[in-house]
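**Student:** One-letter residues, chain by chain:
Number of protein chains: 2
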Amino acid sequence: MSKRKHFAALALGGVGRIGMNMMVYECDGKYIVVDAGVSFGDETTPGVDVIIPDTRFLREHAKDIVGVFITHAHEDHIGGIGYMWDDFGGAPVFATRFSRLSMENKLRELGIKPAKGEVNTAKPGETIEVGPFKVEYVGVAHSIPEAFGLAITTHYGTVVHTGDYKFDEHAPFGQQTDEKRWKAIGKQGVLAVLGDSTGIFAMKPSGSEKAVFEHLDKLIGESKQRVFFAAFASHVGRALNVAEIAMKHGRKVCFLGRTVNKMLGYAKELGYTPAALKGYIVEAEEASKLPPHKVLVFASGTQGEPAASLTRLSQGQEVRGLRIDEGDTVILSSRMIPGNERAILNTINGLYVRGAEVVTELTDRETHVSGHASRPEIQHMYSLLKPTYVVPVHGEPGHLTQHARCAEEWGYKPLQLTPGHKLVLAPETPFTQPHAYAHGYNYIDGLNILDNDALPVKERRKLSYDGVVSAALAIRATNGEWLGELSLSTKGLLDERLQKDILDRAAKHAMKALDAVFPDALIDEPQRAREVIGQSLRKSFKQERGKSPTVLVQFIEV
Amino acid sequence: MSKRKHFAALALGGVGRIGMNMMVYECDGKYIVVDAGVSFGDETTPGVDVIIPDTRFLREHAKDIVGVFITHAHEDHIGGIGYMWDDFGGAPVFATRFSRLSMENKLRELGIKPAKGEVNTAKPGETIEVGPFKVEYVGVAHSIPEAFGLAITTHYGTVVHTGDYKFDEHAPFGQQTDEKRWKAIGKQGVLAVLGDSTGIFAMKPSGSEKAVFEHLDKLIGESKQRVFFAAFASHVGRALNVAEIAMKHGRKVCFLGRTVNKMLGYAKELGYTPAALKGYIVEAEEASKLPPHKVLVFASGTQGEPAASLTRLSQGQEVRGLRIDEGDTVILSSRMIPGNERAILNTINGLYVRGAEVVTELTDRETHVSGHASRPEIQHMYSLLKPTYVVPVHGEPGHLTQHARCAEEWGYKPLQLTPGHKLVLAPETPFTQPHAYAHGYNYIDGLNILDNDALPVKERRKLSYDGVVSAALAIRATNGEWLGELSLSTKGLLDERLQKDILDRAAKHAMKALDAVFPDALIDEPQRAREVIGQSLRKSFKQERGKSPTVLVQFIEV
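Protein sequence lines correspond, in order, to chains A and B.
Take the first sequence: its position 181, counting from 1, is numbered 181 in this note's numbering, and each next residue is one higher.
Take the second sequence: its position 232, counting from 1, is numbered 232 in this note's numbering, and each next residue is one higher.
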C-alpha cells in the first residue's frame with residue numbers, strides 16, 4: 001500500500017455486519033487500530049465458535065502500527081484481541097482500567113504473555129500521542145462500565161470515533177456522555193465522525209437506567225416469592241442496581257454465571273461496588289436455604305444459551321440447589337438479539353410451564369433500555385460535534401444506509417465506508433480508494449482459524465442436510481484389480497440396523513456401475529472410479545431415501 | 001383405548017408448539033379429526049423438510065374415525081393431509097370449497113387418488129352429521145379465504161373449536177366472524193371452547209384489513225417508481241386489495257411466486273377475484289417492459305426464504321427481467337415468524353443496499369395486521385359463547401398458560417389439554433386421563449418419515465459440528481489379520497489437500513493403539529477394534545484440530 005500522505009479510515013470489521021468491530025486509521029503511512037471484536041456464528045456456520053475480522057492487513061503493516069485502542073469491553077469490541085495479538089507487531093495497546101482487566105483475562109486464558117509496555121492504561125481526558133496521532137478518550141454512556149469514544153487528531157484535523165454510546169443523565173457510576181467535552185471538540189472543528197448506527201431505527205430516546213431501576217424496584221417490591229433476574233452479564237451497572245433494589249427489599253442476592261461474576265470482580269477491584277452490598281451477596285448454596293421472599297437470583301441466559309443457568313432453570317432443572325417454583329417472578333431485563341429469538345422463546349415457554357410470573361419485553365417494555373443512541377440521540381450527538389462528514393459504522397447495511405440518509409437530512413455530508421475500500425478523508429475532498437486492502441473474516445473453528453466459508457464449514461453444512469456414505473473397496477496394489485465387494489457405512493441417512501437392505505442394494509448398483517466402466521475388474525483410473533461410485537451411490541440414496549449424501553470413497557491397496 | 005361412554009378431546013399436535021395443528025374429538029368410542037397441519041424444522045433439524053404429528057393413534061383407531069374436518073387452508077392446518085391420508089381409514093374428509101381445492105392439489109402432488117366419497121365439500125351453516133357428532137362450520141375472519149370455526153355437538157353437549165380467528169368488520173370477501181351465529185350457539189349452551197391462543201400476548205385489537213388497505217393506498221400512491229410488495233402468499237384478500245390499489249393508481253400487477261398464483265387460481269375459480277382486475281394482471285416479462293411507475297410487483301419471501309423472489313431481488317439478482325432499482329419502494333406487509341428474524345433481516349439489509357425505500361414492521365406498523373384474535377378479541381369471543389370451560393389450544397406453552405390465566409380472570413374455568421393425555425369433558429366433571437395415547441411428531445426427511453429426533457437427524461447434527469472421518473483397513477477374511485495401513489478420508493474437519501500430514505499422524509497413532517490391544521496384528525474382536533480406532537482418531541483430531549469427529553470404521557475382508 002502506498003505511503004502517500006493522507007488521513008484515511010479502513011474498516012476491517014463492524015461495518016455492514018453487526019459485531020467484530022475493528023477500524024484502522026491511517027495517517028501518512030502510519031496506523032492505529034480501534035477495537036478488536038468478535039461476532040458469533042449462526043446455523044450457516046455449524047460448529048464455528050466465534051468469527052473475527054481477517055487481519056492480513058495488520059500483519060502486512062505490523063511495523064507501521066503505532067497503537068491499538070479499545071473503546072470498551074463488550075465482546076464485539078474486545079473479544080478477538082487474543083486471536084490477533086501477534087498481528088499488532090508489538091504496538092502499545094491502550095484500554096481504560098475496566099477494559100484492561102477484561103483484556104488481560106482474555107490473554108491469560110489463551111496463554112498469551114504480553115511483552116513489557118504492550119498493555120497500557122488509558123486515562124479519560126488525557127491525550128495519548130502515538131506517531132502522528134493524538135488520541136483522547138472521551139466518556140460516553142453505554143451498557144458496560146467505562147465506555148469511551150475517541151477524538152483522533154492528526155495534522156489533517158480531528159476525526160471522532162464515537163464507539164457505542166447513548167445519552168443518559170442517570171447513567172450508572174456517573175458515566176454520562178461527556179457533552180461538555182464533545183461540544184468543545186466540536187468547537188475546535190471535527191472533520192468527520194464515524195458513528196454508531198445500531199439505534200438508527202429507534203425513533204424514541206433510548207431511555208434512562210434510572211427508569212429501569214424504578215420499574216424493577218416496583219416489580220421486585222411486589223413479588224412475594226423468589227425473584228429470578230436475567231440481564232446481560234457485562235451490564236454491571238444494572239446488576240448492581242438490582243442488587244441494591246434487592247437489599248432495599250430485604251433480599252440477599254445470588255449471582256449465577258461465570259461471566260457476571262468475572263465482571264463483578266473487575267467492578268469490585270475498581271471500587272464500583274457499593275460497600276453496603278457486602279453482606280447481601282451470597283452463594284447459591286446459601287440462597288437456596290433462605291426463604292423465597294428473601295432471595296433474588298441473578299441468572300445468566302438472556303439469549304437462551306443452552307448451558308446458561310436461566311435456560312436450565314426454565315427446563316425445570318435445579319441449578320446449585322435453586323429451582324423455579326410456581327409463583328416465582330422471573331424478569332428478563334434484556335432485548336432479543338436477532339437470530340436468538342427462537343432460543344429465547346423456548347426459555348420463556350419453559351418459565352410459563354414452571355408457573356412463574358414472567359416479565360419480558362414481550363409484555364413489558366420498561367424492564368430494559370438499550371445501550372445505543374436512538375435516532376434523536378444520534379442527531380443530538382452530531383449537533384454537539386458539528387462534523388463536516390458523517391461516516392456510518394457499527395451496523396448492518398440497513399442501519400448504515402438509513403444513518404446516511406438521516407445525516408444528509410440533518411445537514412451533514414454522509415460518506416460511505418466499506419470493508420476492503422479505503423476512505424481517504426484528507427487532505428483533498430474525501431474519496432474512496434477501492435479494493436485497497438484484504439478484508440473478510442475468519443472462523444475460529446476448534447483449533448482451526450479458517451477463511452470465511454472455508455471448505456470444512458461448507459462440507460459440514462452439506463453433511464447436515466444429506467448425511468454421509470463412506471465406501472471402501474480393496475484393490476490389488478500391483479494392478480488395481482478389485483478384491484471382493486464394496487463396503488458401505490453411513491451416518492445421517494438411515495438406521496443401518498433396520499435398513500441394511502438399502503445399503504446392500506446401493507453397493508450392488510455401485511459395483512455394477514463400476515463393472516460397466518472397468519470391464520475387467522481393473523481400476524486403472526482411481527479418480528474416475530471414485531466418480532463412478534459416488535454418482536451411483538448418490539443416485540441410489542436419492543431414489544431410496546430422497547437424499548443425496550456426501551460420499552467418501554477409499555480404495556484399500558493390498 | 002377403552003370404548004367408555006364419554007366426550008373427550010385429544011391433541012395430536014398444535015398444543016404446546018406452534019404449527020401441525022391436529023385435534024381429535026371422541027364420543028362414545030367414535031372419533032372425528034380436526035385439521036392435519038405441518039410445522040417446519042429449524043437449525044436443530046437440518047435437512048428435515050416438514051414436521052407432522054405422530055398419527056399412530058389414528059392408525060390404531062382408523063375403523064372408528066367417522067369424519068375429518070379442515071377449518072382452513074393454512075399449511076399449519078392442512079399441510080400434512082397427504083402424508084396421513086391413509087391413516088383416516090377412508091373416513092369422509094370435509095373442507096369448504098377453497099380449502100378443498102388446496103387439499104386436492106396437495107393430494108395430486110403426492111400422487112394420491114382419493115376414493116369416491118372421501119373428499120366432501122362442507123357448506124357454512126349446514127350441519128354435518130357423522131356418527132354421534134353434529135358438526136357446523138361457522139364463519140370466522142382470518143388471513144385466508146374461507147376460515148371457519150366448528151361447533152361440535154354430541155348428546156353430551158356442544159364444544160366449540162374456534163380454529164384461527166379474529167374480528168374484523170371489514171374482512172375481505174365479507175368473511176367476518178359470524179357473531180350472530182356464535183352468539184346463538186352460546187345461547188344454546190357451550191360446554192367448552194377450544195380456543196386459538198396465538199394472539200393472547202397482543203393487548204390491542206388486531207386491527208382491520210381496511211386500515212391496511214388505506215395505508216397501502218397512501219404508500220403506493222406516493223411512490224414514483226416501481227413498487228415491490230410482499231405478503232403471505234395465502235392472504236388472497238390482501239393480495240387482491242393491493243391489486244385493486246395498484247389498478248387505482250394506474251399500475252399493472254405482476255404476481256411472482258408459485259404459491260400466490262396457485263392461491264389466486266383457487267380464488268378465481270371460486271369467483272373471489274373482481275372482474276375489473278382482469279386487464280391489470282400481467283406476467284413478469286410484460287411488467288419488466290412497463291415504465292416503473294406503472295407497475296406493482298407482488299413478490300414472495302416475507303420470511304427470507306432462500307429461493308423466494310424477494311430474497312433474490314434483495315441480493316441484486318434479476319427475477320424474470322425484474323430488478324430493484326434505487327428509489328423503488330419495497331413494502332413487507334407481514335410479521336416475522338419467530339426463528340426467521342435473521343433471514344428476514346438479511347433480506348431487508350439487501351433492500352437498503354439496493355437503495356430502495358423500505359417499509360417494514362420495523363419502521364411502520366401499519367402495513368400489516370395479524371390474522372389472530374388479540375387478548376381483548378378472545379375475551380369478546382368468549383362473551384359470545386359463554387362457555388363453561390376454556391381449553392387453550394394452538395399456541396406455545398407460554399401462550400397456553402397466559403390464555404388459561406386470562407380465562408380464569410374472565411370468569412371461565414380453564415382446562416389444560418396436553419398431547420398424549422385425554423381430556424374427558426363429559427359426562428362427569430372434566431378430568432384428564434394421563435398417557436392415554438401415543439403422541440409426538442414425525443420428520444419428513446427426504447423420502448423418510450422419521451420419529452422426532454430420530455437417529456439420522458441426531459447424527460447429522462453431530463456431523464455439522466465436528467465433521468466426519470472414515471477409516472478403512474483391509475483384513476484377511478480367514479483370520480482377521482490386518483494387511484497394510486489404515487486409510488483415512490475426512491469431511492468438515494480440514495483441507496486434505498493442505499493438511500495431509502495431520503491425517504498421516506492420526507492414522508499412525510490409530511495403528512499404534514490397535515497394535516497395543518491386538519499384539520499379533522489379528523483382529524479377533526472387530527467391535528473392540530472399531531472402538532480402539534474410533535477413540536484414537538477422535539483423540540488425535542481433538543488435539544490437532546480441537547474437533548471430535550464422527551468416525552466410520554470399516555474392515556475390508558480380502
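Treat the hints with care, as some may be off.
The list makes no distinction among identical chains, and a pair is therefore deemed to hold if it is satisfied within one copy or across any two copies.
Dumping the calculated DMTMM-like pairs for lysine to aspartate or glutamate here, alpha-carbon to alpha-carbon at most 20 Å [said to hold, decoys possible]:
#1 210 x 361
#2 462 x 305
#3 113 x 520
#4 248 x 169
#5 210 x 357
#6 30 x 428
#7 500 x 217
#8 458 x 496
#9 252 x 285
#10 500 x 557
#11 204 x 217
#12 512 x 525
#13 508 x 481
#14 204 x 361
#15 458 x 60
#16 462 x 42
#17 218 x 109
#18 462 x 49
#19 210 x 341
#20 183 x 136
#21 512 x 409
#22 204 x 364
#23 5 x 361
#24 289 x 326
#25 458 x 525
#26 462 x 43
#27 458 x 43
It should be emphasised that the hints constitute simulated quantities derived from the structure, not laboratory data.
**Student:** So, for every hint listed, does it hold in this structure?
**Tutor:** We went through each hint and held it up to the structure:
1. When the C-alpha separation of residue 210 and residue 361 is checked against a cutoff of 20 Å, the pair qualifies only within one copy, where the shortest distance is 17 Å, while the shortest distance between copies is 29 Å.
2. Taking the shortest alpha-carbon separations for residue 462 and residue 305, only the inter-copy value of 18 Å comes in at or below 20 Å, while the best intra-copy value is 25 Å.
3. When the C-alpha separation of residue 113 and residue 520 is checked against a cutoff of 20 Å, the pair qualifies neither within a copy, at 63 Å, nor between copies, at 48 Å.
4. With identical chains, the CA atoms of residue 248 and residue 169 are never at most 20 Å apart, being 23 Å at best within one copy and 51 Å at best between copies.
5. Proximity of residue 210 to residue 357 under the C-alpha cut-off of 20 Å is found in neither arrangement, the shortest distances being 23 Å within a copy and 37 Å between copies.
6. For a Cα distance limit of 20 Å, the shortest separation of residue 30 from residue 428 inside one copy, 18 Å, qualifies, whereas the shortest one across copies, 85 Å, does not.
7. Taking identical chains as interchangeable, the C-alpha atoms of residue 500 and residue 217 are never at most 20 Å apart, the minima being 63 Å within one chain and 61 Å between chains.
8. Taking CA atoms no more than 20 Å apart as the test, residue 458 paired with residue 496 passes between copies only; the shortest distance there is 14 Å, against 26 Å inside one copy.
9. In this assembly of identical chains, the alpha carbons of residue 252 and residue 285 lie at most 20 Å apart only when taken from the same copy (12 Å versus 69 Å across copies).
10. In this assembly of identical chains, residue 500 and residue 557 lie within 20 Å of each other by CA distance solely across copies; the values are 18 Å between and 26 Å within a copy.
11. Within a single copy, residue 204 and residue 217 get their C-alpha atoms no closer than 23 Å, and across copies no closer than 27 Å, so neither meets the 20 Å cut-off.
12. With identical chains, the CA atoms of residue 512 and residue 525 are at most 20 Å apart within one copy only, with a shortest distance of 17 Å there and 32 Å across copies.
13. Taking CA atoms no more than 20 Å apart as the test, residue 508 paired with residue 481 passes inside one copy only; the shortest distance there is 17 Å, against 26 Å between copies.
14. Proximity of residue 204 and residue 361 under a CA criterion of 20 Å is satisfied in both settings, with 16 Å inside one chain copy and 16 Å between copies.
15. Taking identical chains as interchangeable, the C-alpha atoms of residue 458 and residue 60 are never at most 20 Å apart, the minima being 28 Å within one chain and 44 Å between chains.
16. Within a single copy, residue 462 and residue 42 get their C-alpha atoms as close as 15 Å, and across copies as close as 15 Å, so both meet the 20 Å cut-off.
17. In the homo-oligomer, the alpha carbons of residue 218 and residue 109 never lie at most 20 Å apart, since the shortest distance is 40 Å inside one protomer and 58 Å across protomers.
18. Within a single copy, residue 462 and residue 49 get their C-alpha atoms as close as 19 Å, and across copies as close as 15 Å, so both meet the 20 Å cut-off.
19. For the homomeric pair residue 210 and residue 341, neither the shortest alpha-carbon distance inside one copy (27 Å) nor that between copies (30 Å) is at most 20 Å.
20. Only within a single protomer do residue 183 and residue 136 lie at most 20 Å apart by alpha-carbon distance; the minimum there is 14 Å, versus 71 Å between protomers.
21. For the homomeric pair residue 512 and residue 409, neither the shortest alpha-carbon distance inside one copy (71 Å) nor that between copies (71 Å) is at most 20 Å.
22. When the C-alpha separation of residue 204 and residue 364 is checked against a cutoff of 20 Å, the pair qualifies both within a copy, at 16 Å, and between copies, at 14 Å.
23. For the identical chains of this complex, residue 5 and residue 361 are neighbours neither inside a copy (51 Å) nor across copies (46 Å), given an alpha-carbon limit of 20 Å.
24. With identical chains, the CA atoms of residue 289 and residue 326 are at most 20 Å apart within one copy only, with a shortest distance of 17 Å there and 64 Å across copies.
25. In the homo-oligomer, the alpha carbons of residue 458 and residue 525 never lie at most 20 Å apart, since the shortest distance is 28 Å inside one protomer and 36 Å across protomers.
26. For the identical chains of this complex, residue 462 and residue 43 are neighbours both inside a copy (12 Å) and across copies (13 Å), given an alpha-carbon limit of 20 Å.
27. With identical chains, the CA atoms of residue 458 and residue 43 are at most 20 Å apart both within one copy (12 Å) and between copies (15 Å).
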